[in-house]
Amino acid sequence: MQWLSYTAPLLEGAWVTVQLTVYSSILGTIFAFAFGIGKLSANWLIKGLAVAFIEVFRGTSLLVQLFWLYFALPVFGQVIGVDLRLPAVAAGTLALSLNIGAYGAEVVRGALQAVPVAQHEAAKALDFTPRQTLWRIALPQAIPEMMPSFGNLAIQNLKDTALVSLIGLGDLAFRAEQVRNFTQDSTTIYSLLLFMYFGMALVLTAFMQLLERTVGRWRAGSH
Amino acid sequence: MLFGIPWDTSNDWAFAVSILPILFKGLIVTVQATALGFVVAAILGLVLAAMKSAASRIIAWPARLITEFIRDTPLLVQLFFLYYVLPDYGLVLPAFLTGALALGLQYSAYTSEVYRAGIESVTRGQIEAAHALDLSALRTFVIIIVPQAIPRIIPALGNYLVSIMKDVPVLSVVSVLEMLNVARIIGDRTFNYLIPLSLVGLLYLIMTLLAAWAIRSLDTRLPKDGIPLK
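Protein chains in written order, with our numbering: chain S, 5 to 227; chain P, 2 to 231.
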């Protein structure tokens with residue numbers, strides 16, 4: 005049973021992949037809400053910043069963003085006289101969360117715009133401030149609508165973590181590559197690797213569906 | 002110097018201008034990989050969609066499982082699998098073809114869903130009307146369903162074409178000389194990563210914005226009720 009000896013390094017890598025997925029998903033969600041809400045802002049400066057952020061991170065390749073943060077940003081720091089060298093784990097998490105956050109921002113914007121205008125009018129009639137309207141009226145109704153897309157983005161993010169192995173982070177894909185270099189047993193290792201990612205994706209999908217059911221209770225009329 | 006084109010490191014602007022023609026060589030490879038990957042994804046996706054809509058569960062069920070498996074595993078790993086495992090079984094392909102195949106495989110899972118959604122968007126009444134007019138199942142599909150599904154399918158496929166283009170840099174791991182790989186080589190040799198990598202980002206942004214604009218204008222031009230047959 006040769007493949008049993010591969011499980012220890014692969015599980016070690018899988019743990020890094022899980023951590024990366026969790027952290028970048030959380031950070032990505034924050035970016036998604038910040039820039040998704042920002043894009044709907046009446047303030048042209050905030051709106052412009054949000055649009056620029058979304059276009060740049062959706063319009064370029066994730067690997068380009070990752071390499072830029074890891075290889076080019078330190079050079080940029082040198083030019084402006086600031087130390088901008090990031091450790092691989094920071095560059096990786098940041099690139100993943102900025103990228104997925106830009107996709108998420110469009111989901112947030114779409115769901116917020118889908119909240120019926122009458123809801124905003126009613127809030128106004130009841131003398132809610134814009135902030136109260138956003139937090140208490142619009143978001144609780146919009147978030148359940150975002151969940152199916154967020155589920156897809158979470159899977160996308162899990163798959164994207166494999167790319168951080170290219171800047172030397174010891175994730176699942178990286179460990180597998182190490183084991184393969186050592187044993188040359190490509191078929192077994194890559195088959196194991198595919199099934200491990202598939203397994204993690206199934207668990208993540210189940211978790212996102214649970215989350216979807218939980219926030220589904222926020223929908224109007226479900227109390 | 003790369004591809005026989007020298008660079009000028011006297012100042013930043015001169016450097017940026019001098020490496021542009023080198024990056025364009027990489028850009029051509031990126032476009033080629035995108036095109037080939039898209040063709041594979043479009044055809045393979047059609048096969049998967051046809052299988053999934055089959056009445057027989059023995060055909061539909063494996064197709065669903067394959068789609069799910071492809072969607073849930075990273076392109077990078079699929080690429081490694083094809084690149085290192087296929088030769089063990091006697092199929093040796095050049096890196097570029099393996100890369101395009103991996104892109105096509107990954108996106109076939111997505112395109113198959115596009116076809117399925119497009120076909121399902123044709124209303125039940127249309128199919129019942131075709132039935133009432135005594136059209137065969139094949140003729141119903143060809144002259145009723147397909148012309149109405151196409152305007153819905155094309156823009157969605159266009160979006161995946163853009164996604165494929167953004168995934169091409171992954172092919173650099175099997176030494177395909179696409180644009181990002183070229184930029185990295187320039188960076189490795191000149192110790193200046195900022196300018197080549199920023200230029201690649203800028204070129205990507207221009208390409209995706211142009212593509213998004215093209216898809217939008219195509220979308221507004223496609224007849225919403227379907228392609229007229231006569």
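If you're looking for bench data, these hints aren't it; they were derived computationally from the structure.
Cβ coordinates follow ideal geometry from the N, Cα and C atoms, glycine included.
It cannot be assumed that every hint is accurate.
Said to hold, decoys possible - Partial pick of chain S residues on the chain P-facing surface, computed with a CB cut under 8 Å: (1) Ala12; (2) Val60; (3) Ser65; (4) Val68; (5) Phe75; (6) Trp139; (7) Arg140; (8) Gly155; (9) Ala166; (10) Phe186; (11) Thr187; (12) Thr191; (13) Leu196; (14) Leu197; (15) Val207.
Tested hints:
no., hint, in the structure
1, Ala12, "violated, 19 Å"
2, Val60, "holds, 7 Å"
3, Ser65, "holds, 4 Å"
4, Val68, "holds, 5 Å"
5, Phe75, "holds, 4 Å"
6, Trp139, "violated, 32 Å"
7, Arg140, "violated, 35 Å"
8, Gly155, "violated, 12 Å"
9, Ala166, "holds, 4 Å"
10, Phe186, "violated, 14 Å"
11, Thr187, "violated, 12 Å"
12, Thr191, "holds, 5 Å"
13, Leu196, "violated, 10 Å"
14, Leu197, "holds, 5 Å"
15, Val207, "violated, 11 Å"
The structure fails hints 1, 6, 7, 8, 10, 11, 13, 15 (numbered hints given earlier, in ascending order).
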